[in-house]
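Participant: Listed here are the chains, written in short residue letters.
There are 2 protein chains.
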Amino acid sequence: MKEVKLYDTTLRDGAQTEGISYSVSDKVRIAEKLDHLGIHFIEGGWPGSNPKDMSFFKAARRMKLKNATVVAFGSTRRANTAVAKDVNVRGLLEAGTKIVTIFGKSWDLHVKDVFKVPLEENLKMIGDTVAYLKSKGKTVFYDAEHFFDGYKSNPEYAVKTLFAATDAGAECVILCDTNGGTITSEFIEIVKEVGAKLNCSLGVHCHNDCDMAVANSVAAVEAGCVHVQGTFNGYGERCGNADLVSVIGNLKLKLGIDCITDNKLKELTETSRYIAEISNVKQRENQPFVGNTAFAHKAGVHINAIMKNPITYEHADPHLVGNRRRFLVSELMGKSSILLKAEALELDLTKEAPKTKKILKLLQKLEHEGYHFEAAEGSFELLLKRAFKKYKRFFELEGFKVVTEHRGGKLVSEATIKVKVNKVEEHTAAEGDGPVNALDNALRKALLEFYPTLAEMHLSDFKVRVLEEKVGTAAKVRVLIQSQDAKDSWWTIGVSENIIEASWNALVDSVEYKLLKDRKS
Amino acid sequence: MKEVKLYDTTLRDGAQTEGISYSVSDKVRIAEKLDHLGIHFIEGGWPGSNPKDMSFFKAARRMKLKNATVVAFGSTRRANTAVAKDVNVRGLLEAGTKIVTIFGKSWDLHVKDVFKVPLEENLKMIGDTVAYLKSKGKTVFYDAEHFFDGYKSNPEYAVKTLFAATDAGAECVILCDTNGGTITSEFIEIVKEVGAKLNCSLGVHCHNDCDMAVANSVAAVEAGCVHVQGTFNGYGERCGNADLVSVIGNLKLKLGIDCITDNKLKELTETSRYIAEISNVKQRENQPFVGNTAFAHKAGVHINAIMKNPITYEHADPHLVGNRRRFLVSELMGKSSILLKAEALELDLTKEAPKTKKILKLLQKLEHEGYHFEAAEGSFELLLKRAFKKYKRFFELEGFKVVTEHRGGKLVSEATIKVKVNKVEEHTAAEGDGPVNALDNALRKALLEFYPTLAEMHLSDFKVRVLEEKVGTAAKVRVLIQSQDAKDSWWTIGVSENIIEASWNALVDSVEYKLLKDRKS
Numbered sequence: 000m001k002e003v004k005l006y007d008t009t010l011r012d013g014a015q016t017e018g019i020s021y022s023v024s025d026k027v028r029i030a031e032k033l034d035h036l037g038i039h040f041i042e043g044g045w046p047g048s049n050p051k052d053m054s055f056f057k058a059a060r061r062m063k064l065k066n067a068t069v070v071a072f073g074s075t076r077r078a079n080t081a082v083a084k085d086v087n088v089r090g091l092l093e094a095g096t097k098i099v100t101i102f103g104k105s106w107d108l109h110v111k112d113v114f115k116v117p118l119e120e121n122l123k124m125i126g127d128t129v130a131y132l133k134s135k136g137k138t139v140f141y142d143a144e145h146f147f148d149g150y151k152s153n154p155e156y157a158v159k160t161l162f163a164a165t166d167a168g169a170e171c172v173i174l175c176d177t178n179g180g181t182i183t184s185e186f187i188e189i190v191k192e193v194g195a196k197l198n199c200s201l202g203v204h205c206h207n208d209c210d211m212a213v214a215n216s217v218a219a220v221e222a223g224c225v226h227v228q229g230t231f232n233g234y235g236e237r238c239g240n241a242d243l244v245s246v247i248g249n250l251k252l253k254l255g256i257d258c259i260t261d262n263k264l265k266e267l268t269e270t271s272r273y274i275a276e277i278s279n280v281k282q283r284e285n286q287p288f289v290g291n292t293a294f295a296h297k298a299g300v301h302i303n304a305i306m307k308n309p310i311t312y313e314h315a316d317p318h319l320v321g322n323r324r325r326f327l328v329s330e331l332m333g334k335s336s337i338l339l340k341a342e343a344l345e346l347d348l349t350k351e352a353p354k355t356k357k358i359l360k361l362l363q364k365l366e367h368e369g370y371h372f373e374a375a376e377g378s379f380e381l382l383l384k385r386a387f388k389k390y391k392r393f394f395e396l397e398g399f400k401v402v403t404e405h406r407g408g409k410l411v412s413e414a415t416i417k418v419k420v421n422k423v424e425e426h427t428a429a430e431g432d433g434p435v436n437a438l439d440n441a442l443r444k445a446l447l448e449f450y451p452t453l454a455e456m457h458l459s460d461f462k463v464r465v466l467e468e469k470v471g472t473a474a475k476v477r478v479l480i481q482s483q484d485a486k487d488s489w490w491t492i493g494v495s496e497n498i499i500e501a502s503w504n505a506l507v508d509s510v511e512y513k514l515l516k517d518r519k520s
Numbered sequence: 000m001k002e003v004k005l006y007d008t009t010l011r012d013g014a015q016t017e018g019i020s021y022s023v024s025d026k027v028r029i030a031e032k033l034d035h036l037g038i039h040f041i042e043g044g045w046p047g048s049n050p051k052d053m054s055f056f057k058a059a060r061r062m063k064l065k066n067a068t069v070v071a072f073g074s075t076r077r078a079n080t081a082v083a084k085d086v087n088v089r090g091l092l093e094a095g096t097k098i099v100t101i102f103g104k105s106w107d108l109h110v111k112d113v114f115k116v117p118l119e120e121n122l123k124m125i126g127d128t129v130a131y132l133k134s135k136g137k138t139v140f141y142d143a144e145h146f147f148d149g150y151k152s153n154p155e156y157a158v159k160t161l162f163a164a165t166d167a168g169a170e171c172v173i174l175c176d177t178n179g180g181t182i183t184s185e186f187i188e189i190v191k192e193v194g195a196k197l198n199c200s201l202g203v204h205c206h207n208d209c210d211m212a213v214a215n216s217v218a219a220v221e222a223g224c225v226h227v228q229g230t231f232n233g234y235g236e237r238c239g240n241a242d243l244v245s246v247i248g249n250l251k252l253k254l255g256i257d258c259i260t261d262n263k264l265k266e267l268t269e270t271s272r273y274i275a276e277i278s279n280v281k282q283r284e285n286q287p288f289v290g291n292t293a294f295a296h297k298a299g300v301h302i303n304a305i306m307k308n309p310i311t312y313e314h315a316d317p318h319l320v321g322n323r324r325r326f327l328v329s330e331l332m333g334k335s336s337i338l339l340k341a342e343a344l345e346l347d348l349t350k351e352a353p354k355t356k357k358i359l360k361l362l363q364k365l366e367h368e369g370y371h372f373e374a375a376e377g378s379f380e381l382l383l384k385r386a387f388k389k390y391k392r393f394f395e396l397e398g399f400k401v402v403t404e405h406r407g408g409k410l411v412s413e414a415t416i417k418v419k420v421n422k423v424e425e426h427t428a429a430e431g432d433g434p435v436n437a438l439d440n441a442l443r444k445a446l447l448e449f450y451p452t453l454a455e456m457h458l459s460d461f462k463v464r465v466l467e468e469k470v471g472t473a474a475k476v477r478v479l480i481q482s483q484d485a486k487d488s489w490w491t492i493g494v495s496e497n498i499i500e501a502s503w504n505a506l507v508d509s510v511e512y513k514l515l516k517d518r519k520s
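Going down the list, the protein sequences come from chains A and U.
Oh and the first sequence: position 171 is 170 in numbering that gives the first Met the number 0, straight run, nothing missing.
Oh and the second sequence: position 447 is 446 in numbering that gives the first Met the number 0, straight run, nothing missing.
Mixed in with the good hints, there may be bad ones.
Derived DSBU-like pairs: lysine-lysine, alpha-carbon spacing no greater than 35 Å straight-line [as the list claims (entries may be wrong)]: (1) U/Lys115 with A/Lys307; (2) A/Lys196 with A/Lys151; (3) U/Lys360 with A/Lys84; (4) U/Lys115 with A/Lys191.
Beyond 12 Å from chain U on every Cβ pair, some chain A residues (computed) [stated by the list, open to error]: (5) Met62; (6) Lys97; (7) Gly168; (8) Leu197; (9) Arg385; (10) His405; (11) Lys417; (12) Val435; (13) Glu448; (14) Lys475.
No lab work stands behind these hints: they were computed from the structure.
Yeah, the Cβ is synthetic: ideal placement off N, Cα and C, and Gly gets one too.
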C-alpha cells in the first residue's frame, strides 16, 4: 500500500489565524496530542522570527515523542550573504531539530519584485542553504513557495528552483499553493507534469482561498505526492490551510491509505476538538468528519431512512472517526426524533400518545421564544423529564438580588438569595467576579449543605448571544452555560430579555442536571 | 462563452442547517436579495412538507423578480399511487411556479431498503411524475438523488433512472452527491461517463462531507455541466451543501464564466453577509472570497510584500468580490502594520519614533490581558488616538451601581450613574432589560443633554466570551459590543474579571467612537 506522510503546521501556519495566539505551553500540548495521533512531522515554528518559537524548540527537546519528529522552519539565506553568517539560517541550527524545512521562491515575479535579486542569485540562495544545512547533518525539506503561480508564469524557471534544491540534497520537495488560487484541474495537471520531470519525493502544501485545499491535497496524493502538509481544523492565514482532519479522513476512508492506524482514526474527532479548545476557537459546527453536525440529521425523511439503514444518508460510519450520529431537536423534526431522544433517556413515549403532541407544542413555543435545544442537550433532557414528572424540583426560589457597584475605582458584585429545600428556608449571600458568578456562588452556597456533590462541579464556559431584534419585541438574550465535573460536561440554556434572568435559568438547569445525574449513578 | 445557470437552494436545503429556521418574511427577503444578485433559479421549499413553505409560494407570486425564477421542490409520486392523486404532486401544482424540481431515487439500495418497491416501479414513479407535471405545463428539473452512490453500486440502473426522467421530458437532469461522499477524481470520471451517454442538460448538486463540494461543483462545470446547485454560505444538513459563494467566485475569476455580471460580483460579499444576518448565523471568518479574513494579512513578511505588489499574497483582487484587504493588529505583526493603521487614521507615526515602540508595548500588554483588537477596530482606533492625545475624554466617571432584583416572580434591573462633563456633574438613574442595558440607558441619559447625537446610535450586537482559565489567574470575560447609527457600525471591546466592568469599558468606547466620528464629519 502507498505510504503517505502527514506534516502538520498548525503551530506555525496555523498561528497566523486571526485571533489565535499560542503560548509555549499551548504549543507543547498540541504537539503532544499530534504525536499521540500518529502525525509524522510537526512544524514547531520559525526560530529567529520571534522569541516564543525559539522557546518552543528548547521545550521540544525535553518532550518524549513516540511517532512524530519536530521540524524547524525558516527561509533560504538572504541575497548576497554568506550562508554560514545568515541570522535566519543560524536560528534554524540553534533550534536543534533533526529535520529543517526551508522555503524559497519559485515565482519569478517574487524574485524580481520582492527580493529584487537576479533570477540566478535566487537559485544559488536555495542551493547554498540546502547544501549548508545538509553539511551540518540535517535532513532538509524544501518548500517551494508560490510554486503553482510560478509555474503558471514561468514553468522553466519554477522547475529550475526545484532542481536547485534536489541537486543540493533536499530529501523532499513540497509544491506550495501559497496564495490558494489554483483550481483542482489545473492543480492536478501541474503536479503530474512536475512529477514526471523530478526524481525525488514530492509533497504538497495547499491554502483554501478557492475552497479547494482538501480536494487539491487528496488529488495530489492520487497524482503521486507522498507528503501532505496542512493544519488541524484548517487554521491559517486568510482562508486557512488544507484541513489535515479532512485530509486524514479522506486518505483513510476514501483512498484506503494507512497514514494513521484505524485505532488512532477513532481519536480524530477528539483531537480536533482538543486543538480547537487550546486555540480558543469554537470548532466549526459543520466541519467534515468531526464537526458537531457532521452526522446530524434534521429532515424527517432522512431520519426515517437512517433508522432503516445508516448508509442511506451517511457517507461513512461516524464511529470510525470518533464522532457520533445525532438526531436534531427542532420544530421541523416531527415526532420520530423526539421518540428517539425519549428512548435514549428510557422514557416511555409512543407516537400516538397525547403527551408526545403536548411536548412537541411546548418545544415549538420555546423555540419561538428563542430557545435552541440543539445547543443545550442538558436542558432538553430536563424538559422531557419534567414533562414526565420524573423528578421533583430540588429547591424553590423565593427571591434574589444582585448588586454591582463601582465606587472609588473598584468594582464589587454581590448576590443575596433565598431558597427553600424541603420546607427549610435558606437565606444567604456571596460575592463574585461579576453578577452571574456572584449569583452562582450564592446559589451553591445555599444548596451545598443539602446537596454536597455540588462541590464537584464548576462552570466551564458561558456564552451570550443577543437574538435578532424583531419588530414589536424587545431584544432577547440567549445564555448557554457549560458545566463540568470530573466525569461529564453538559450545556444548559436560558432565554430572557434580562441577561441575569437568562443566566439564572441556565444555572438552575445546570445544577438540576448535576443532581439528577448523581442520583442515578 | 459557456453559459452556466445558478440554482440556489438556501431556502430549502439550507434551512436544514442546525440552528437555522426561516420565517416566511425571512425567505422573501433572501429571495429578493438572490434575485438582485442575478441568481437564475431560487428553490423556495417543499410545498406539502410544511405549511410555512406553502405560505412562501403564495407570497412569491406577489414578488417582482427581475432575474430569478422561483422553483418548487418535491418528490416523485409514491409507489402504487395514481400520480394525479398523489398529495405531494398536488402540492407542487398548488405552489403555482413555472418550474418544478422533483427528486427520485437512483440508488438501487434506496429503492429496495427505503422505498421497498421493485426497481421497475421506481422507474415508473419517475417517468409518470415528470410526464404528468409536463402535461400540466410545467418545466421539470429532475434531481437524481444519491446518483453517485447509485452509479458506484449499479451503474446500469442508475443511468436508467435518468433516462426515465429525460424520456418523459425533463429539461435538465441534476446529478446529486447527496451523501457528499465522492472524492473529486471519481466525481469527474462519473460526470464524464454519464455526459457521454445522455443527450440533455446536466447539472450537479454537491454536499460537503468530504470537504470537496466546491471543487466537485467546479470540476463538474469543466466536465460539461451547465447548471450548478448550492446554498449561500454553504448552509445545509450535516456538513452543508456546495457554497454558491465560492462556486460563483471560482466560475467568474478562475474559469471566466459569466454566470453573474462583473458589477453584481462586487455585491457578493454583501450578499453573503446579508444572508448570514437573516439566517442569524455568524459569517465564517475565513470563508473564501467573502470572509472577514479572506484577504487579511498577519505575518510581517506578507504585509511587506503586499505593500510592494498585492498579487504576491492575494489570489484575486478583493474589490472584485466586494471584499477588502485588511492588515491585522496583533502582537506578531510588528511595526509596519501599526504604521499602516496610523496612516489610515492620518496620524503621523514613523518607524523610528519612540511613540511607535511605546504603542507596540501597550498593545502587547493589553493582548496579554485578553484584549483582541482584531475584532474591535473601534477600540483600536481610540487607543491610537488617545496615545496621540488627539482628543480629550468626553466625560469622567464618578461612580455607578447596578441592581438586578428578583422579587415576587418579577425581575427588575436598575442603574444609577454619576458622571462629570466639563465640570458639570450629572447624577441619574435608568432601568433596563438587564444590567448592561440599564447601564447603557443611564449613561446615555446622563450624556444626552451634552451630546444630542447619541440619540442616533444603538447597540446592535453584544458578545461575551469567558477566556481560557490559566493557572493562577481568575477567569476573565471579554465583551464585544457592536453599535450602529444610520451610516456606520463599529465594534468595541472590554476585558475584565467582572462582566459589568468589561461591558462598561466597551460601552464607553462605543460612545466615544460615535462622538469622535460626529465631530469629524
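Participant: All hints are to be evaluated individually against the structure, with a verdict given for each.
Facilitator: Here is what the structure says about each hint:
no.: 1; hint: U/Lys115 with A/Lys307; result: 11 Å, holds
no.: 2; hint: A/Lys196 with A/Lys151; result: 16 Å, holds
no.: 3; hint: U/Lys360 with A/Lys84; result: 30 Å, holds
no.: 4; hint: U/Lys115 with A/Lys191; result: 46 Å, violated
no.: 5; hint: Met62; result: 20 Å, holds
no.: 6; hint: Lys97; result: 26 Å, holds
no.: 7; hint: Gly168; result: 26 Å, holds
no.: 8; hint: Leu197; result: 22 Å, holds
no.: 9; hint: Arg385; result: 18 Å, holds
no.: 10; hint: His405; result: 5 Å, violated
no.: 11; hint: Lys417; result: 10 Å, violated
no.: 12; hint: Val435; result: 7 Å, violated
no.: 13; hint: Glu448; result: 22 Å, holds
no.: 14; hint: Lys475; result: 9 Å, violated
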